[in-house]
Amino acid sequence: MKAYKRFLSYSYEPFRLHFCGPQDDASTKLVDDFLKGFDISAARLNRVARDFAGVYPYLELIAKKNKLEPLDEQVIEAYWIGNNLLRQVTVEDLKNLILQSFIGPGKLSLSAGERLAGGVPGRAVAHHSFHVLYVGSVTQTVRLAGKLLDLCRVGWGRVIAYGGEVIQVKYRPLIVKPNDLRLGRDEAVKEIKWNKKVLPKVMENQIVTFHWGLACETVSEDQARNLEKYTLRNIDAVNHQ
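Once you know that position 220 of the sequence shown is 233 in my numbering, the rest is easy, because the numbers rise by one and skip nothing.
What the hints contain is simulated information worked out from the structure, not anything from laboratory work. By construction, the Cβ of each residue, glycine as well, lies at the ideal position given by its N, Cα and C atoms.
In silico lysine-lysine, DSSO-like type, Cα no more than 27 Å apart, as pairs: (1) K214 to K203; (2) K206 to K242; (3) K242 to K183; (4) K203 to K242; (5) K209 to K49.
Computed spacing ranges between beta-carbons, pair by pair: (6) E178 to H31: 16 to 24 Å; (7) R198 to S233: 19 to 27 Å; (8) K160 to D235: 23 to 31 Å; (9) D193 to D235: 26 to 34 Å; (10) P118 to T41: 20 to 28 Å.
Model the full assembly from the supplied sequences, consistent with the hints where possible.
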């Protein structure tokens, strides 16, 4: 069940905001019950996970290229944080993913999808930052631009204070200028939400990841370096497309 917890830790806030995932009452209750610690079957969790239209296709692709299951924990980590599994996914794979998974009713039009697939940058990797910085919302529930890019990408920062329902971190914000994305050279202090159903405990000086302003999990120094590495890789790819 740890893999499902990691999947939902990153997916929960956009799900709660109605940007991604199933929006029926039964699915909402199932996700909340699971995070509260209730025993939910893997089959039911799988059905919910498949309805995250902007996430699950990437998990399927990464899994297929590495002969794993989509909800294997290493596959989930590859997409949200980044690891060596991403080496097996090519730019051609990403083009085909857009054409096969992101076009259709409630998603991209054929012309928009073909245009997007045709322009995939040569150094792009199948990481969440690619979806945020290049693809955007395939269900058109939110327009990802400006400051929303920093909210939607998975950020990371070192905890400097916490209490109640908030955590303060030092992090490098995403600076968005016309045709120029970059991580800020100087660290900024950011206050993020702390939902203890998602992240039960935290300590000062730990590194936490966050998505749409919600703390997701604590990560190691190596994991933080991977997240930075793949985020910078896609920033560079988009800047030079």
